[in-house]
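Participant: Residue numbers (this note's numbering), protein chains in the order written: chain A, 25 to 138; chain B, 137 to 248.
For the record, the hints were derived by calculation from the structure and aren't laboratory data. Watch out, some of these pointers could steer you wrong.
[Claimed, not checked] Listing some non-contacts, in silico: residues in chain B with all C-beta distances to chain A over 10 angstroms:
| # | residue |
| --- | --- |
| 1 | Asn158 |
| 2 | Gln181 |
| 3 | Met190 |
| 4 | Val198 |
| 5 | His208 |
| 6 | Gln217 |
| 7 | Arg229 |
[Said to hold, decoys possible] The calculated lysine to any residue pairs, modelled on SDA-like cross-linking and capped at a C-alpha distance of 20 angstroms, are:
| # | chain 1 | residue 1 | chain 2 | residue 2 |
| --- | --- | --- | --- | --- |
| 8 | A | Lys75 | B | Gly234 |
| 9 | B | Lys178 | A | Pro94 |
| 10 | A | Lys51 | A | Ala113 |
| 11 | A | Lys68 | B | Ser162 |
| 12 | A | Lys95 | A | Arg46 |
| 13 | A | Lys68 | B | Ala160 |
| 14 | B | Lys178 | A | Phe128 |
| 15 | A | Lys68 | B | Asn231 |
| 16 | A | Lys75 | B | Asn163 |
| 17 | B | Lys247 | B | Asn154 |
| 18 | A | Lys51 | A | Gly122 |
| 19 | A | Lys75 | A | Ser120 |
| 20 | B | Lys178 | A | Lys95 |
| 21 | B | Lys247 | B | Val198 |
| 22 | A | Lys68 | B | Val206 |
| 23 | A | Lys51 | B | Glu243 |
| 24 | B | Lys178 | A | Leu35 |
| 25 | B | Lys192 | B | Ser210 |
| 26 | B | Lys178 | A | Ser48 |
| 27 | A | Lys68 | B | Lys192 |
| 28 | B | Lys192 | B | Pro145 |
| 29 | B | Lys178 | A | Met50 |
| 30 | A | Lys68 | B | Gln181 |
| 31 | A | Lys68 | A | Ile79 |
| 32 | A | Lys68 | B | Lys178 |
| 33 | B | Lys178 | A | Ala112 |
| 34 | B | Lys204 | B | Arg187 |
| 35 | B | Lys178 | A | Ile79 |
| 36 | A | Lys51 | A | Gly125 |
| 37 | A | Lys75 | A | Gly109 |
| 38 | A | Lys68 | B | Lys204 |
| 39 | A | Lys68 | B | Asp185 |
| 40 | A | Lys68 | B | Asn154 |
These numbers come from a predicted model, not from an experiment. Cβ coordinates follow ideal geometry from the N, Cα and C atoms, glycine included.
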Amino acid sequence: NAGVMQNPRHLVRRRGQEARLRCSPMKGHSHVYWYRQLPEEGLKFMVYLQKENIIDESGMPKERFSAEFPKEGPSILRIQQVVRGDSAAYFCASRSAGGEGEQFFGPGTRLTVL
Amino acid sequence: GESVGLHLPTLSVQEGDNSIINCAYSNSASDYFIWYKQESGKGPQFIIDIRSNMDKRQGQRVTVLLNKTVKHLSLQIAATQPGDSAVYFCAERRNQGGKLIFGQGTELSVKP
Numbered sequence: 025n026a027g028v029m030q031n032p033r034h035l036v037r038r039r040g041q042e043a044r045l046r047c048s049p050m051k052g053h054s055h056v057y058w059y060r061q062l063p064e065e066g067l068k069f070m071v072y073l074q075k076e077n078i079i080d081e082s083g084m085p086k087e088r089f090s091a092e093f094p095k096e097g098p099s100i101l102r103i104q105q106v107v108r109g110d111s112a113a114y115f116c117a118s119r120s121a122g123g124e125g126e127q128f129f130g131p132g133t134r135l136t137v138l
Numbered sequence: 137g138e139s140v141g142l143h144l145p146t147l148s149v150q151e152g153d154n155s156i157i158n159c160a161y162s163n164s165a166s167d168y169f170i171w172y173k174q175e176s177g178k179g180p181q182f183i184i185d186i187r188s189n190m191d192k193r194q195g196q197r198v199t200v201l202l203n204k205t206v207k208h209l210s211l212q213i214a215a216t217q218p219g220d221s222a223v224y225f226c227a228e229r230r231n232q233g234g235k236l237i238f239g240q241g242t243e244l245s246v247k248p
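Chain A extracted, bound-state conformation (with noise of 0.2 angstroms):
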C-alpha cells in the first residue's frame, strides 16, 4: 500500500530556470495540498487541490508559482524563473474524500537554488 510519493527527492536549479515538482496522492486519495518548508521552521501551507480544481491557493505566492492535479496524473507544482529564496523542502500531503482530516505526507522535494 504506496504511501504519498513525490518526485524527484532532490533538485538543483539555477536562478531564472523552472522547476516542477511531482506529487503522487494515496491511491483513492482524491485531496492535495502543498507544503513549504524553510530550514528550522515548520510547514507552511501553499496550495489544496481536488482533481482538476484549486480549492484554497492562499498560501500561494502571487508570481511564478503555480499547481495542477489534473484528472489523470501527478500533482505538480510549477516553480518559474527560480531565485534563491525558492531553496526550502516541498511536501506534499494528501486525504481521502471521506477522511477525518489527517493528511499523509510525502517525503519531499528538497529544492536548491544555485
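For chain A, the structure is supplied; the task is to place chain B on it using the hints.
Facilitator: Then chain B, alone, in the frame of chain A:
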C-alpha cells in the same frame, strides 16, 4: 494573526522517561488538531489527532490533551525511546478539509 506556537524549541529526556511536548494555538474556532513527528530528511509522520469536542485521546504510548479554555495542546509520550528522537509539530485546522497551520516545532532528544 494566525499562529500555532510551541512553548519550548528543544526537549531532552532520558530513555524510559515520559515526555511532554506543549503547543499553544491562537484561534478558538479551530476544530481539529494533529501531532506530527518529523525525522531528519523525511516528511511529517502522523502521530495522533483530536477533535475540538474532546479533551483527551490516547494512542499507543501517546496521549494528546486539549485544553480549549487556555487554547493549549500537549503530546505525552510514555517510556520515551531513542527512536522517538525527532521534531514534533502540532497543527490546527480551521474548517473541515482545509489547510493545516503548523507550529514551529519542538526537537525531542532522547538520551540513552
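Participant: If a hint holds in the structure, say so; if it does not, say that too.
Facilitator: Hints and how they fare:
No Cβ of chain A comes within 10 angstroms of the Cβ of Asn158 (chain B); the nearest lies about 15 angstroms off, and the non-interface call holds. For Gln181 (chain B), the requirement that its beta carbon stay farther than 10 angstroms from each beta carbon of chain A is not met, with the minimum near 7 angstroms. Residue placement check: Met190 (chain B) keeps its beta carbon more than 10 angstroms from all beta carbons of chain A (closest about 12 angstroms). Distance to chain A confirms Val198 (chain B) as a non-interface residue, since its nearest Cβ pair spans about 14 angstroms, more than 10 angstroms.
Against the 10 angstroms criterion, His208 (chain B) stays outside the reach of chain A, whose nearest CB is about 17 angstroms from its own CB. In this structure Gln217 (chain B) is separated from chain A by more than 10 angstroms, as the shortest Cβ-Cβ distance comes to about 22 angstroms. The Cβ of Arg229 (chain B) sits about 5 angstroms from the closest Cβ of chain A, inside the 10 angstroms cut-off, so the non-interface label is violated. At roughly 15 angstroms between alpha-carbon atoms, Lys75 (chain A) and Gly234 (chain B) fall within 20 angstroms of each other, so this suggested pair holds.
A C-alpha spacing of about 26 angstroms is found between Lys178 (chain B) and Pro94 (chain A), which places the hinted pair above 20 angstroms, so the restraint is violated. With a C-alpha separation of about 23 angstroms, the suggested pair Lys51 (chain A) and Ala113 (chain A) falls outside the 20 angstroms cut-off, and the hint is violated. Restraint check: the Cα-Cα separation between Lys68 (chain A) and Ser162 (chain B) comes to about 16 angstroms, which is no more than 20 angstroms; the hinted pair holds. The hinted pair formed by Lys95 (chain A) and Arg46 (chain A) meets the criterion: a straight-line CA distance of about 14 angstroms does not exceed 20 angstroms.
Straight-line distance between C-alpha atoms of Lys68 (chain A) and Ala160 (chain B) comes to about 17 angstroms, which keeps the hinted pair within the 20 angstroms bound. Between Lys178 (chain B) and Phe128 (chain A) the alpha-carbon distance is near 12 angstroms, which keeps this suggested pair within the 20 angstroms criterion. A hinted pair counts as satisfied when its Cα atoms are at most 20 angstroms apart, and Lys68 (chain A) with Asn231 (chain B) qualifies at roughly 17 angstroms. The suggested pairing of Lys75 (chain A) with Asn163 (chain B) is violated, with an alpha-carbon distance near 30 angstroms, which exceeds 20 angstroms.
Proposed proximity of Lys247 (chain B) and Asn154 (chain B) is supported: the alpha carbons are some 12 angstroms apart, at most 20 angstroms. Our distance criterion of 20 angstroms between C-alpha atoms is met by Lys51 (chain A) and Gly122 (chain A), whose separation comes to about 14 angstroms. Restraint check: the Cα-Cα separation between Lys75 (chain A) and Ser120 (chain A) comes to about 12 angstroms, which is no more than 20 angstroms; the hinted pair holds. Between Lys178 (chain B) and Lys95 (chain A), the direct Cα distance comes to roughly 28 angstroms. Violation of the 20 angstroms bound is thereby established for this hinted pair.
Straight-line distance between C-alpha atoms of Lys247 (chain B) and Val198 (chain B) comes to about 19 angstroms, which keeps the hinted pair within the 20 angstroms bound. Note on Lys68 (chain A) and Val206 (chain B): the hinted pairing is violated, with a Cα-Cα distance of about 24 angstroms set against a maximum of 20 angstroms. Restraint check for Lys51 (chain A) and Glu243 (chain B): not satisfied, since their Cα atoms lie roughly 32 angstroms apart, outside the 20 angstroms limit. Pair hint Lys178 (chain B) plus Leu35 (chain A) holds up; C-alpha atoms about 15 angstroms apart against a cutoff of 20 angstroms.
Restraint check: the Cα-Cα separation between Lys192 (chain B) and Ser210 (chain B) comes to about 10 angstroms, which is no more than 20 angstroms; the hinted pair holds. With a CA separation close to 16 angstroms, the supplied pair Lys178 (chain B) and Ser48 (chain A) stays within the 20 angstroms bound. A hinted pair counts as satisfied when its Cα atoms are at most 20 angstroms apart, and Lys68 (chain A) with Lys192 (chain B) does not qualify at roughly 27 angstroms. Between Lys192 (chain B) and Pro145 (chain B) the alpha-carbon distance is near 23 angstroms, which puts this suggested pair outside the 20 angstroms criterion.
For the hint pairing Lys178 (chain B) with Met50 (chain A), the CA-to-CA distance comes to about 17 angstroms; that is within 20 angstroms, so the pair holds. A C-alpha spacing of about 16 angstroms is found between Lys68 (chain A) and Gln181 (chain B), which places the hinted pair at or below 20 angstroms, so the restraint holds. The hinted pair formed by Lys68 (chain A) and Ile79 (chain A) meets the criterion: a straight-line CA distance of about 16 angstroms does not exceed 20 angstroms. Distance restraint check for Lys68 (chain A) and Lys178 (chain B): the Cα-Cα separation of roughly 16 angstroms lies within the 20 angstroms cut-off, and the hinted pair is therefore satisfied.
For the hint pairing Lys178 (chain B) with Ala112 (chain A), the CA-to-CA distance comes to about 13 angstroms; that is within 20 angstroms, so the pair holds. With a C-alpha separation of about 11 angstroms, the suggested pairing of Lys204 (chain B) with Arg187 (chain B) holds against the 20 angstroms cut-off. Under the criterion of a C-alpha separation no larger than 20 angstroms, the hint pairing Lys178 (chain B) with Ile79 (chain A) is inconsistent with the structure, at around 27 angstroms. Among the hinted pairs, Lys51 (chain A) with Gly125 (chain A) is consistent with the structure: their alpha-carbon atoms are about 16 angstroms apart, no more than 20 angstroms.
The straight-line distance between the Cα atoms of Lys75 (chain A) and Gly109 (chain A) is roughly 29 angstroms, outside the 20 angstroms bound, and the hint therefore fails. The suggested pairing of Lys68 (chain A) with Lys204 (chain B) is violated, with an alpha-carbon distance near 24 angstroms, which exceeds 20 angstroms. Note on Lys68 (chain A) and Asp185 (chain B): the hinted pairing holds, with a Cα-Cα distance of about 19 angstroms set against a maximum of 20 angstroms. With a C-alpha separation of about 30 angstroms, the suggested pair Lys68 (chain A) and Asn154 (chain B) falls outside the 20 angstroms cut-off, and the hint is violated.
Against the hints set out earlier in the document, violations occur for numbers 2, 7, 9, 10, 16, 20, 22, 23, 27, 28, 35, 37, 38, 40.
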